[in-house]
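Participant: Chains as they are written, first to last, in my numbering: chain W, 14 to 183; chain F, 14 to 183; chain P, 14 to 183.
You may find that some hints are simply not true.
No distinction is drawn between identical chains; accordingly, a pair holds when it is met within one copy or between any pair of copies.
As the list claims (entries may be wrong) - Straight-line C-alpha distance at most 25 Å; calculated DSS-like pairs for lysine-lysine:
| id | residue 1 | residue 2 |
| --- | --- | --- |
| 1 | Lys75 | Lys149 |
| 2 | Lys112 | Lys75 |
| 3 | Lys79 | Lys103 |
| 4 | Lys112 | Lys149 |
| 5 | Lys26 | Lys103 |
| 6 | Lys75 | Lys103 |
| 7 | Lys112 | Lys79 |
| 8 | Lys149 | Lys79 |
| 9 | Lys103 | Lys149 |
Source of the hints: derived by calculation from the structure; they are not laboratory data. Since we're looking at a predicted model, the values are computed, not measured.
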Amino acid sequence: MQLKLLSETNGQKTVVVVFDEGEEAVSELTGVAIRHGLFAAHFTAIGALSAATLGFFDIDRKDYVKIPVPQQVEVVSLVGNIALHNGEPKVHAHAVVAKADGTALGGHLLEAHVRPTLEAVVVESPNVLRRRVDEKTGLPLIDLSQPTKETHHGSEHPRRHDSKSVRDTG
Amino acid sequence: MQLKLLSETNGQKTVVVVFDEGEEAVSELTGVAIRHGLFAAHFTAIGALSAATLGFFDIDRKDYVKIPVPQQVEVVSLVGNIALHNGEPKVHAHAVVAKADGTALGGHLLEAHVRPTLEAVVVESPNVLRRRVDEKTGLPLIDLSQPTKETHHGSEHPRRHDSKSVRDTG
Amino acid sequence: MQLKLLSETNGQKTVVVVFDEGEEAVSELTGVAIRHGLFAAHFTAIGALSAATLGFFDIDRKDYVKIPVPQQVEVVSLVGNIALHNGEPKVHAHAVVAKADGTALGGHLLEAHVRPTLEAVVVESPNVLRRRVDEKTGLPLIDLSQPTKETHHGSEHPRRHDSKSVRDTG
Chain W
14 MQLKLLSETN GQKTVVVVFD EGEEAVSELT GVAIRHGLFA AHFTAIGALS AATLGFFDID
74 RKDYVKIPVP QQVEVVSLVG NIALHNGEPK VHAHAVVAKA DGTALGGHLL EAHVRPTLEA
134 VVVESPNVLR RRVDEKTGLP LIDLSQPTKE THHGSEHPRR HDSKSVRDTG
Chain F
14 MQLKLLSETN GQKTVVVVFD EGEEAVSELT GVAIRHGLFA AHFTAIGALS AATLGFFDID
74 RKDYVKIPVP QQVEVVSLVG NIALHNGEPK VHAHAVVAKA DGTALGGHLL EAHVRPTLEA
134 VVVESPNVLR RRVDEKTGLP LIDLSQPTKE THHGSEHPRR HDSKSVRDTG
Chain P
14 MQLKLLSETN GQKTVVVVFD EGEEAVSELT GVAIRHGLFA AHFTAIGALS AATLGFFDID
74 RKDYVKIPVP QQVEVVSLVG NIALHNGEPK VHAHAVVAKA DGTALGGHLL EAHVRPTLEA
134 VVVESPNVLR RRVDEKTGLP LIDLSQPTKE THHGSEHPRR HDSKSVRDTG
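With the rest of the complex left out, here is chain W (with noise of 0.2 Å):
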């Protein structure tokens, strides 16, 4: 995998990630948010894969069935962001990936192997996105209600600026 900084303004950066052959990609980028500290960032991509593994989340089960793609696909899209969970960056990304038909297959992104390439473009915020569990699904949801100090592996991040959110009642 390859990173560019393409552009940066006021801290916001854009980056390209060219993901290679026989890379996992959500795992690669999980990494690429780590070492790099993508704690708010947003990103769209186009490749293809050898295999995929997409998820459809079961409400009732407040679990992802999993939806194995065992075959050559397109990317045909790609969209995601990187918010912090638990003190680390997590991916959250869903794609639509096509067979050589043109079908088209839809879901949470759980694994995606990259063949030949995946093209990203990853937008960088100076800013912090945090999850935190949703008790009635189990999920971790974005919450912008937290408070805006950031720790990060026990060190704070005197860069981050983290504005404040708003509710928007309407």
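Assemble the complex: chain W is given as a structure, and chains F and P must be docked to it using the hints.
Facilitator: Below, chains F and P without anything else, positioned relative to chain W:
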């Protein structure tokens, strides 16, 4: 629904909007756009819905054919923009949703009933996009040829700058 | 097709491109990229088409299998990037299209015949991305390891800065 400003530079803002269970995302986002004065924005989102209504525009009938999706689905792609139409911000979004077996359905997004969450990243520019009804189709298409002065609810917005549009003839 | 600059900051531009009925979007966008010197850009788009040709890359044959879509469809997701290949901007886009009943098809976007509109948001960086043909697959993959000096049509672009790429080894 909650909002958080992630970054701002030269008037361009990146905002995270997290919708809550039970909210209808198109009308909620329209409300956000009206209250916060989003006149030229684009967004992506992922999440899940308890039900949706997609649309397919029938060119001959000049109207949307409704495609009801009366079940829990993952929002595997949601891409859209916000522009002014008749002086009010209008959300235009297309979505791909996926059923429990991964089957994907897509269309113009008419209704999206959030469950348990929908996470959107909205990029707002300090500019103005306008729609105008196209006589041939009856659709409000983005019109980049309109005059630069913006009057919204009878008052001018001096902070808005309306850059020149260009017809690019190759 | 019409263009409008929505915002610009530190050389990063956000441009709305609205394609007209009858235009083929891949070649039109390539023309825009050539005329405006887009060497490192990414985009999303929504709209509708009178016909499309999608592609699925056959790893063994090292070529795209064409998937004709000879009917009116909604463009429910279009994600792509622009990079230099052999000194010229090249558009790489993947699309999901939906039929009248919502059925979704996806693939590498080879042709997209617009009807009645296609609305794209293109984010251009003042940087350079380059593709190079990968021997194994025959595909022009993004190559972040190439030298930093850019010559395009025989002349250097002094405004371009080419940031260092990083191989991220975890």
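Participant: For each hint, tell me whether it holds in the structure or not.
Facilitator: Here's how the hints hold up against the structure:
1. For the identical chains of this complex, Lys75 and Lys149 are intra-copy neighbours only, at 9 Å inside a copy versus 43 Å across copies, given an alpha-carbon limit of 25 Å.
2. With identical chains, the CA atoms of Lys112 and Lys75 are at most 25 Å apart between copies only, with a shortest distance of 16 Å across copies and 29 Å within one.
3. Taking the closest pair of Cα atoms, Lys79 and Lys103 come within 25 Å of each other only inside a single copy of the chain (19 Å); across copies the shortest separation is 36 Å, beyond that limit.
4. Proximity of Lys112 and Lys149 under a CA criterion of 25 Å is satisfied inter-copy only: 21 Å between copies versus 35 Å inside one chain copy.
5. In this homomeric assembly, Lys26 and Lys103 come within 25 Å of each other (Cα to Cα) both inside a single copy, at 18 Å, and across copies, at 23 Å.
6. Taking the closest pair of Cα atoms, Lys75 and Lys103 come within 25 Å of each other only inside a single copy of the chain (19 Å); across copies the shortest separation is 35 Å, beyond that limit.
7. Proximity of Lys112 and Lys79 under a CA criterion of 25 Å is satisfied in both settings, with 18 Å inside one chain copy and 12 Å between copies.
8. For the homomeric pair Lys149 and Lys79, the shortest alpha-carbon distance inside one copy (21 Å) is at most 25 Å, but the shortest distance between copies (32 Å) is not.
9. For a Cα distance limit of 25 Å, the shortest separation of Lys103 from Lys149 inside one copy, 20 Å, qualifies, whereas the shortest one across copies, 33 Å, does not.
Checked against the numbered hints above, the structure breaks none of them.
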